[in-house]
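Participant: Generate coordinates for the entire structure from the input sequences, incorporating the hints supplied.
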Amino acid sequence: MAEYGEWNRKGASLSDVTAKKEYGVDREFIIKGINAGKLEFREGSIYGNPYIKVLRRQLEEYIAEELGKEYLNKAKNRTELRKIKKEIAEVECRLASLKLEKTALERLLEK
Numbered sequence: 120m121a122e123y124g125e126w127n128r129k130g131a132s133l134s135d136v137t138a139k140k141e142y143g144v145d146r147e148f149i150i151k152g153i154n155a156g157k158l159e160f161r162e163g164s165i166y167g168n169p170y171i172k173v174l175r176r177q178l179e180e181y182i183a184e185e186l187g188k189e190y191l192n193k194a195k196n197r198t199e200l201r202k203i204k205k206e207i208a209e210v211e212c213r214l215a216s217l218k219l220e221k222t223a224l225e226r227l228l229e230k
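For the sequence shown, our numbering gives the first residue as 120, with consecutive numbering after it.
Check before you lean on any hint, since a few could be wrong.
Stated by the list, open to error - List time: in silico PhoX-like cross-link candidates among lysine-lysine, alpha-carbon distance up to 20 Å:
no.	residue 1	residue 2
1	221	140
2	139	172
3	205	172
Unchecked claim - Okay, the calculated beta carbon distance ranges per label pair:
no.	residue 1	residue 2	range
4	228	196	43 to 49 Å
5	165	201	20 to 26 Å
6	221	166	42 to 48 Å
Quick caveat, the hints were computed from the structure, so don't treat them as lab data. Glycine included, each C-beta is placed from N, C-alpha and C at the ideal position.
Facilitator: And the structure:
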C-alpha cells in the first residue's frame, strides 16, 4: 500500500514509458505486476495517448522479485551513467561557449 502522499512526491512515481527507459521493462511486465496485485497504478492520458503511472518503490521491488536484484542494480547503474554522460556533455558545451566569450573579450582588450 502506498504511503500518504507518495503519489505526489517528486520522482516517487513514473510512467510505463519512463520505466522502459530507466529499467528496460515493457508495458506488459507492468500490467502483469498490476494483475498480480504487486503494483498500484493510475491511468492517465497526454494529448490522447494513454499511459500507466506506477510507484517507483513498488516497481523496483517487483523487478527485484521477478528479474533479480542484479538486473535492478545494473539498470539503475545504466540510468545513472546516462545522466552523468549527459551532464558532462552539457558542461563541456558550456565550457566551449565560455572559452569563445573569453577569446572575444581578450581581443577587445588588446585593441
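Participant: Could you run down the list of hints and mark each one as holding or not?
Facilitator: Do the hints match the structure? See the list:
Under the criterion of a C-alpha separation no larger than 20 Å, the hint pairing residue 221 with residue 140 is inconsistent with the structure, at around 39 Å. Distance check on the hinted pair: residue 139 and residue 172 sit about 12 Å apart at the alpha-carbon level, within 20 Å; holds. The hinted pair formed by residue 205 and residue 172 fails the criterion: a straight-line CA distance of about 25 Å is larger than 20 Å. Checked against the hint of 43 to 49 Å, the pair residue 228 and residue 196 passes, with Cβ atoms roughly 47 Å apart.
Evaluation of the 20 to 26 Å hint for residue 165 and residue 201 yields a pass: the beta carbon distance comes to about 23 Å. Hint check: residue 221 to residue 166, Cβ distance near 43 Å, so the stated range 42 to 48 Å holds.
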